[in-house]
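Just so you know, the protein sequences line up as chains C and U, in that order.
First residue of the first sequence: 3, per the working numbering; consecutive thereafter.
First residue of the second sequence: 2, per the working numbering; consecutive thereafter.
Hints are computed from structural coordinates only; laboratory data are not their basis.
Ideal Cβ positions, reconstructed from N, Cα and C, are used throughout, including at glycine.
Be aware that one or more of the hints could be misleading.
What the hints assert, rightly or not - If the Cβ cut is set under 7 angstroms, some of the chain C residues that face chain U in the computed set are: (1) A66; (2) K90; (3) K107.
Claimed, not checked - Rough simulated footprint, nothing fancy, chain U against chain C, three-plus residues with beta-carbon under 8 angstroms: (4) 7 to 14; (5) 71 to 78.
Claimed, not checked - Taking beta-carbon pairs under 10 angstroms as the criterion, some of the chain C residues facing chain U (in silico): (6) K34; (7) T63; (8) G83; (9) G85; (10) G89; (11) V92; (12) L95.
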Amino acid sequence: MQGLFLDDDIQVMRDQFLNQEFDEVTLEIDGKRFAEYAKACGELDQKFTDPNHEDFQAPPTFVATLVGRRNLPEDFPRLNGVGMDAGKAVEWLAPIRDNMTLTGKSHLHDIYTKTGRSGRMVFLVTRMELYSEDGTHVANADTRTVIRERPSG
Amino acid sequence: MADQIAKISEVEFGIELPAFDPDTSIENVRRFGEYVGWGGGRFTDHEAARKEGFPGAIIPGVMSQGFLGAMIHRWAPTAQIKIIDTIFRAPVLVDQPHTITGVVTNIEEDLKQVEIDITITNEANETRVQGTATIELPA
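Use the sequences and the hints to build the structure in full.
If you want it as structure tokens, here you go:
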């Protein structure tokens, strides 16, 4: 949470939605896909680019490309503004390798606001927790969406 | 400034990482779109992007974040990136030169961890993407 004081409507949303899992998907990891991702991004280490490397694995940032069926809970209130991708965060916990099957479980991890000259901006942080088939927690991938609210009235 | 480091003992507070000029060409972004995703017009077609109100095609945010990871690995091939947080402040435009710079902001010898601030700037030296990363290095 970014600040100590929250607007009432934000506190209501936090109480209702934070840390409630709203989506679960199965993700098949394709080594060809993450090797091409690595090359396009400029990785030089063959463990990220060469499927024949003995330690072939996805670059840590690759998990940001894995998406669920939805980014917000089905019953999340419609906010008065346009949403934009404000950032991505990745926490690496264990290697992700070719042909792994991952389970991605999503929840709202944070809701907070910032107020600028053009008004209030609402930030929604959706976290997908990724688990391997044996239940190992391999990564967290956060998507930060900002909604710049339109003036009401 | 060493071009590469291998151990945490080689890292000094405040040192700058070697700058990295990512491949922002439309061919590279189209290839990214073909294999990874984000192949829509706003990323792969300047005219389509302009119709959406952008100055030209834009680099997908997930690709910009990948550039930051690659920059760290080029400097520290033995590093394990533990956390990388990226803030998209403005679009990174396709076919425009950009530079990625980084600076070491903290060293935790006991944890073998180093924190780095990373920035993508355009030719006008305007910040487009900011990132912070925590990496782990061998002792």
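Quick rundown of the hints versus the structure:
1. A66: Holds. Min distance 5 angstroms.
2. K90: holds, 5 angstroms
3. K107: Violated: closest Cβ of chain U sits about 19 angstroms from K107/C, beyond 7 angstroms.
4. 7 to 14: violated (count 0)
5. 71 to 78: violated (count 0)
6. K34: Holds - the Cβ of K34/C comes within 10 angstroms of chain U, reaching about 7 angstroms at its closest.
7. T63: The hint holds - T63/C has a Cβ within 10 angstroms of chain U, the shortest such distance being about 4 angstroms.
8. G83: This hint is violated: G83/C lies away from chain U, its Cβ roughly 16 angstroms from the closest one there, beyond 10 angstroms.
9. G85: Violated: closest Cβ of chain U sits about 13 angstroms from G85/C, beyond 10 angstroms.
10. G89: Holds. Min distance 4 angstroms.
11. V92: For V92/C, the interface hint holds, since the closest Cβ of chain U sits about 5 angstroms away, which is under 10 angstroms.
12. L95: Where the cut-off is 10 angstroms and the nearest Cβ of chain U is about 8 angstroms from L95/C, the hint holds.
Hints 3, 4, 5, 8, 9 from the list above are not met by this structure, while the remaining hints are.
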